[in-house]
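4 protein chains.
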Amino acid sequence: MKSIRDSVHGDLQLEEFEVKLVDTPEMQRLRRIKQLGFTYLVYPGANHTRFEHSMGTMYLAGRLALNLELDPEKRTLVRVCAALHDAGHGPFSHVSEGVLETSHEKLTSRLIRESALGDILSERYNLKEVVDIINGQGPLGQIISGDLDVDRMDYLLLDAHYTGVAYGIIDVERLISNMHLDGENLNLRRKGVQAAEAMLLARYFMYPSVYQHHTTRIVNAMFRRCLGHLLKKEALHADEIYRYDDADIVSTARKEKGYVRDIIRRLDNRQLFKRVYSLKLDNLEDPMAVFHMNEASNRRSEQEMAEDLGVEEDYLLLDIPEYPTFNESTPVSVYGSTKTLGEVSSLVVALEHARFNHADLSIYMPEDLAPQVKGFSFRDYLDIPP
Amino acid sequence: MKSIRDSVHGDLQLEEFEVKLVDTPEMQRLRRIKQLGFTYLVYPGANHTRFEHSMGTMYLAGRLALNLELDPEKRTLVRVCAALHDAGHGPFSHVSEGVLETSHEKLTSRLIRESALGDILSERYNLKEVVDIINGQGPLGQIISGDLDVDRMDYLLLDAHYTGVAYGIIDVERLISNMHLDGENLNLRRKGVQAAEAMLLARYFMYPSVYQHHTTRIVNAMFRRCLGHLLKKEALHADEIYRYDDADIVSTARKEKGYVRDIIRRLDNRQLFKRVYSLKLDNLEDPMAVFHMNEASNRRSEQEMAEDLGVEEDYLLLDIPEYPTFNESTPVSVYGSTKTLGEVSSLVVALEHARFNHADLSIYMPEDLAPQVKGFSFRDYLDIPP
Amino acid sequence: MKSIRDSVHGDLQLEEFEVKLVDTPEMQRLRRIKQLGFTYLVYPGANHTRFEHSMGTMYLAGRLALNLELDPEKRTLVRVCAALHDAGHGPFSHVSEGVLETSHEKLTSRLIRESALGDILSERYNLKEVVDIINGQGPLGQIISGDLDVDRMDYLLLDAHYTGVAYGIIDVERLISNMHLDGENLNLRRKGVQAAEAMLLARYFMYPSVYQHHTTRIVNAMFRRCLGHLLKKEALHADEIYRYDDADIVSTARKEKGYVRDIIRRLDNRQLFKRVYSLKLDNLEDPMAVFHMNEASNRRSEQEMAEDLGVEEDYLLLDIPEYPTFNESTPVSVYGSTKTLGEVSSLVVALEHARFNHADLSIYMPEDLAPQVKGFSFRDYLDIPP
Amino acid sequence: MKSIRDSVHGDLQLEEFEVKLVDTPEMQRLRRIKQLGFTYLVYPGANHTRFEHSMGTMYLAGRLALNLELDPEKRTLVRVCAALHDAGHGPFSHVSEGVLETSHEKLTSRLIRESALGDILSERYNLKEVVDIINGQGPLGQIISGDLDVDRMDYLLLDAHYTGVAYGIIDVERLISNMHLDGENLNLRRKGVQAAEAMLLARYFMYPSVYQHHTTRIVNAMFRRCLGHLLKKEALHADEIYRYDDADIVSTARKEKGYVRDIIRRLDNRQLFKRVYSLKLDNLEDPMAVFHMNEASNRRSEQEMAEDLGVEEDYLLLDIPEYPTFNESTPVSVYGSTKTLGEVSSLVVALEHARFNHADLSIYMPEDLAPQVKGFSFRDYLDIPP
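Protein chains in written order, with this note's numbering: chain A, 607 to 992; chain B, 607 to 992; chain C, 607 to 992; chain D, 607 to 992.
No wet-lab data here; the hints were simulated from the structure.
We treat Cβ as the ideally placed atom computed from N, Cα and C, and that holds for glycine.
Some clues are possibly wrong.
[Unchecked claim] With a straight-line cut-off of 16 Å between C-alpha atoms, the simulated EDC-like cross-links for lysine to aspartate or glutamate are: (1) D:Lys640 with C:Asp874; (2) C:Lys608 with B:Asp874; (3) A:Lys640 with B:Glu779; (4) D:Lys797 with A:Asp617; (5) D:Lys712 with D:Glu729; (6) A:Lys861 with B:Asp854.
[As the list claims (entries may be wrong)] Label-pair restraints from in silico Cβ distances: (7) A:Leu890 with B:Asp617: 31 to 37 Å; (8) D:Asp617 with A:Lys680: 20 to 26 Å; (9) C:Glu891 with D:Val625: 45 to 51 Å; (10) C:Asn889 with A:Leu672: 33 to 39 Å; (11) A:Ala722 with D:Asp677: 38 to 44 Å; (12) D:Val625 with B:Glu949: 18 to 24 Å; (13) C:Thr944 with A:Arg906: 38 to 44 Å; (14) A:Leu890 with C:Met607: 54 to 60 Å.
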C-alpha cells in the first residue's frame, strides 16, 4: 500500500498494481498538464493538474464501488479506469482539444493500447473492457462517464478548491451513498435527488465563473489559434499531442517567430486581447443558431471584419461559447422506475432554459487596436438570424 | 480598484498603482514559477506559484499596515514592497538559489532597479527606500522580512492549503491584531505570544513534512546538480536567472544530452534516486559539525565514494539538510520591554533543541545502483567527528 | 474595542457603544435561545444560538455598510439594528412563533421600547428610526430585512456550518461588493447576479435538508402543540415570551402533568411521533389549496380522525408545510434599471415552480399507535380538492 | 444502518445494535449537556454537546479499530465503549465534576450497570469487559483512554470547530494510520511521531485559549460554588448527577434565593466576577506548591480575605489552575522498542517545562466590589512559599 496526500480528499491509498500504473511515464506526464489550462491567468490558484484529478477520480470511484458492493477485483478495475480516464489529454487540457480532430477519449484509448499502460493492465484485465468502461459503456462505465459520474464530482470539488470559487462544493457523501446498481444502470435513490440537483447547479454556476469566464474564453481563444499555427507549421504533431506537456508547447512557441511568438509573449505577460463585441444569446430569437454556425464561415467572417478594420489576420478572433448541456438525457433512473432527473426535478428543467443566461458570442482584439472599432457594425458580418 | 480571487484569502483588492506594477512582465513571470519547486512530485497539489504568494503577502501586509495605523501612502508602500519581495526568484524558487552565488534578495533589488518596476515605483517612492524595506531594514522592513513577517504567514498558509498538510494553519488574525509599532521596532503584545509560538511551531512541523521531506530533498538534490551542469555549460546564465521561468529550464534541459537529459527525464517520469545512507544529526556529538563541512570537501567525498563504488560522477549525491533557525534573535519585543520571544516562551527555546529531531545527512543514488552499496562504509568517507 | 471570536466569521470587533448594548440582559438572553429550535434532534451539531447569529449579522451589516460608503454614524446604526433584529425571539426561535399571535418583529420593537435597550439606543439614535430599519423600511432597512439581506446571509452560513449540510455556503464577498445604494433602494450590480442566484438556491436546498426536514417538522409539530397547552394553562404567558429562554420552557413543561409532560419526555428521549400519512403537494392540481386550509377546520379534521381511530386528542397531528417564497418581489434592481431578480434570472423563476418539489402535508402519530392506521383513509378527512 | 450527519466528520454510519444503545434516554440526555459547560459565555459558538462528542469518538474508534484490523465483533465493542465513555457526565460536563466526590468515569460505570444500557450491552458483551475498556484497561482500553486516544482526538477537533480557535486542528489520518497493536500495547510507528507531537501541542495551545481561558475559569469558579450550595441544600443530589441535564440545574438554581439565585442571574446576564489578583506560577520557586495547597485551608484563606475586606462569604473566590500533564507517561512505544514519546521527542519534554507559561492562581470578586481591594495584600493570605 502506498499513500498520496491529496489536498482535497486527504490520504489516498493505492495498492501495488495501481502504483505500477501510476508510476508509468504516461501517468506521470499528467503532473505537468494543468487541469484548467490558462485559467491560472484569471484565478492565480488554478494551477492544479490532471494528475491530481486522476487520483481524486480514482479515489471517488473506489468509494462508489465499495458502496455498490462490487467485488475487490471489479473495484480495482473501476479505480484503475478512473485513474486512466484522462491519460490521453493534450497539454492545457480541453483547450488543446479544440484544435484536434480526435477527442481526448479516443486518444486515451489509443495511448492505453500503445504504451506500457496496456501491458500492465493486460496482466489482470481485458483491454477492451477497460477502454469500454472509460468510454462510459455499461453500468461500470456510468461510474466514470455519465451524468453523475465521479469525474465530474472530482473536478467540481478540485476546481472550487483551487480557484476559490465556492460554488463547486457538492455533497459527495450523499450522492455516493444513494447510488445503486440496478441491472444495466447506475441508479439514484430518492434521497439522493437533491444532492444531484445541487451537483448540476454547481456545474451551472462554475460555467460563467470559471470555465466560461470571459477572460478565460479570451486566453483560450488566443492559445487555440496559436496552437493551430504550430500544428499547421508542423512544429507540433497532432497525433502525438498526448506525449507533450504544457512546457513543451510553451517552449516550442517561444522559439517560433511572428504570430505564434507574439501570442505566447502576450500570454506570458498577460497582455490579453479585449472583447470588442458581445452578442448575448438570450437576446436572439433562436439561441441555438449560434451553435449551428459553420466553422469555415466563421473564419471567413473573421477575415472580412479584419480586412475592413485594417487588422492583420488572426488578430481578430470570433468566439462561440461552449454549448452547455444540462438536460440530463442518460437514463439515470430514480425511485426504481427509470425516470430521468429532468422528469423528477423542475430545477433540472430550469437549467435547460437558464443555460443562455450568461452566454454570448464574442469578438476579441488586441487592446491597442480596440479604439478603432468604435461604431463598427460587427453584427452585419455574422451569419445568424436576429 | 481591481479584485483578484485568492483561494486562501478570498477577494483581494488592488488599487490602480498596484495594478500597474502587477501588470509588468516581471511580476507576471511569477505566475510561472512554482512556490515549492519540485515538491509537486511529493504532494501532487503543490503547484502554487510565487505570484499567488506575492499577492497574499501584499494582502497581509496591507492588513498589518492598517492595524499599525500607517497612513495610506505608507500602507501602499508596504503593500507594494510585499508584492515585489520575491520578484528576483529564479525558476523553481529556492531550489535554483542553491547553485547561484547571489541571493534572491539581491537579485530582487537588481531587478527592481533595472526593469520597468523601478520606473513605476519612482513615480511615487524612493527606490532605495523600497529596496531597504524589502531587505528587512527599519520597522517597515520587519513587516516584510522579520521573525513574524507577513511573508512567513502567507507561505505557511499557502503551503498548508496546497499540500494538504494541516500543520501550517496559523492564527493570522490574532498575530496581526497584536502587533504594534514602537519606535524602531515591530512589537508583539502579550496577547499575541501564543499565536507567535504556534506560528513558529507550524514552521517547525512543515520542515520534515514538506520543506525537508526526504523525497523533496532527493528531487531538489537531483535538480540542483542538473542546474549546475546547465550553468557550467552556459546553456543558462546565472545572472539572468530572474528572467527565466520553470518551463525555460525544463525545456532547455530536455534539449541537452548526457547527464542533464537523463536527470530531467528521471524527474519527468518520477524515477527518483533513493536514499542509500542516512546519518541522523541527533546521533552526533556535535550536530553543528555537519553544517561546517566544506562544500569542496563534500564534492571530493562524493567523488571518492562514487569511484570506490564504480558509479559515474554525479550519480551519487551527498545531501546536507537545510539548517533550520528557530531561536528568534531579531529584537521582537514583548510586554513593552524588549525581550525576545525566546526569553518569554520556553517552547521557542525547546524548538532550538528540537531542530535536529528529524534531520539527517543523506546519500542518494539511482535505484538500480542501490543494491551494490550493501555493506559499503559511507561513514568512513565523511569528514565529521563521531 | 472588544473582540468576539466567531467560529464562522473570525474575530469580530465591537465598539464601546455596541458593547453596552450587547451586555444587556436582553441581548445576553439570546445566548440561551437555540437558532434552530429542536433541530439538534436531527443534526446533533445544530446547537448554535440567536446570539451568535445576531453578532454575525451585525458583522455582515458593517461590511455592507462600509462597502456602501455609509458614514461612521450610519454604519454603527445599521450594525446595531442588525444586532438587535432578533431580540424579541421567543425560546426555540421560530417554533414558538407558530403559537403566538404577535410576530417576533413586533415583539422585538416592543422589547426595544420597554427595556434598557431603548435607553441606551436613545443616547445616539431615534428609537423610531431603529425600529423602522429593523422592520425593513427604507434603504437601510433593506440591509437588515430584504431579499438579499445580511440576516439571510448569516443564517445560511451559520446553519450550514453547524448542521454540516454543505448547501448553505454562499459567496458573501461577491454579494456585498456588488451592492450599492441608489436613492431609495439597495441595488445589485450585474456582477452580483450569479451570487444572488446561488444564495436563493442555497436557501431552497436548506428547506428540505434542514428547515423542513421531515423529522424537524415532526419535533416542531410536537413542541408547538405542547407549547399551546402551556399557554392555555397559563403556565407561560404569551406576551412575556421574549423574557423566557429555552431552559425555562423545558423545565416548566417537565413540571406539568399529562400531555405536556408526556411530550417533553418524548422530546427529551427522542421518542418521536412518526409520519403515518403524506400528501405530496406537487400531486395536487392546485398545491396552493393546502395553504388556504383553515386552522380551525384543520383542528376539526384532526379531532375527527383521532376519534375514528380511537386515539386521544392531540396525539394525531396534522402538519402543513411552511410556504416557501422564492419569487423575489421586493424591488431589487439590477443593471441600474429596476428589474427584479426574477426578471433577470430564469433560475429564480424556476425556484417558483420547484418549491413544491419536496413539500407534503403530513400526519403524525406516536410510533406504537402507527400500526392501527393501516388502510385508514386520511385523505377523506382533508378538506382540499384533488 | 442509520446515518448521522456530523458537522466535523461528515456522515457517520451506525449499525442496528449501536442505534439501540444510542436511542436510550441515557444517551439522548447527552444531547442536553454542553461539552464545554459555560464556555459559551466566552466563545459564543461553544454550544456543542457530549452527544456529538460521543458520536465522533465512536466514529474515530471505529476507524482506528479498522486500521488495527480488529475483527467486526471487537470493532463494534470498541465503538460502543467509545460511544458510552462519557455517559456518566453530569450537567455542564467537567465543571460539575469539581464538586463531586466521584469521577465521571466511576459514574459512567455505575450508570451502565444500573440502566437499560447494561441490558442491551449484555446481549452481546460482558459488562465487566466494557467497563474495563472504558476505564482504559488493556490494549483496547488505550484506544478510548490513553495518551493518544480517540477521545482526545475528537474533542480537540470539535472544540476547535466550535470555538473557532484554530489550534485544535490535528492530523487524525496520520495518527490513526500509524498506530498498531503490539501485544499488550497500542504503539505508534516512527512516521506518526510528528502527528503525535502536533496533537500534544494542540492540547497545550487549547489550555490558555479555551479550557483555562481566564474568563472560562471565572465562570467555572462561580458555577462550581453555586452548584456546591445546591448540593448542600439538597436541591440536587450528588449521586443522581448523571440523571440531570443542563436545564435542570439552571432552572433549579433560578428557583432558589440568596447566593444561588444571584450567581445564576449573574451567569445568565454575563455579569461576571473580575480577577482582582493573579499570581503567575512561573514566578514561584516551586510552582508545584500551588497544587499541594489544601482545599480546606484555601477556603479558610478565602474567608479571612473576605472578612478583612468586608465582603460576604463566597463573593471572593480563590481559584487554582488546572494541573496540565504533558509528560506522557503511559507506555506508548515507538520504533518497536518501548520508549515513551518523551524519550523520542524533545518537544514533548519542552511541554513539561512550558506548562506553567500561562497559568496563575487567581482571586475573583464581583466588579462593583473590585475598587475596594486596591492595595490589599492578597499574597499574605496564601499559604505558599515565595
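Hints versus structure:
1. D:Lys640 with C:Asp874: Distance of about 15 Å is within 16 Å: holds.
2. C:Lys608 with B:Asp874: violated, 54 Å
3. A:Lys640 with B:Glu779: Judged against 16 Å, a Cα distance of about 33 Å means the pair is violated.
4. D:Lys797 with A:Asp617: holds, 14 Å
5. D:Lys712 with D:Glu729: Judged against 16 Å, a Cα distance of about 22 Å means the pair is violated.
6. A:Lys861 with B:Asp854: Distance ~11 Å between A:Lys861 and B:Asp854 Cα, so the pair holds.
7. A:Leu890 with B:Asp617: 31 to 37 Å: Cβ of A:Leu890 to Cβ of B:Asp617: about 33 Å, so the range 31 to 37 Å holds.
8. D:Asp617 with A:Lys680: 20 to 26 Å: holds, 24 Å
9. C:Glu891 with D:Val625: 45 to 51 Å: violated, 41 Å
10. C:Asn889 with A:Leu672: 33 to 39 Å: The hinted range 33 to 39 Å holds for C:Asn889 and A:Leu672, with Cβ atoms some 36 Å apart.
11. A:Ala722 with D:Asp677: 38 to 44 Å: Once the Cβ atoms are compared, 40 Å apart, the range 38 to 44 Å for D:Asp677 and A:Ala722 holds.
12. D:Val625 with B:Glu949: 18 to 24 Å: Check failed, 56 Å falls outside 18 to 24 Å.
13. C:Thr944 with A:Arg906: 38 to 44 Å: Cβ of C:Thr944 to Cβ of A:Arg906: about 43 Å, so the range 38 to 44 Å holds.
14. A:Leu890 with C:Met607: 54 to 60 Å: The hint (54 to 60 Å, Cβ to Cβ) holds, given that A:Leu890 and C:Met607 are roughly 55 Å apart.
Going through the hint list in order, the structure does not satisfy hints 2, 3, 5, 9 and 12.
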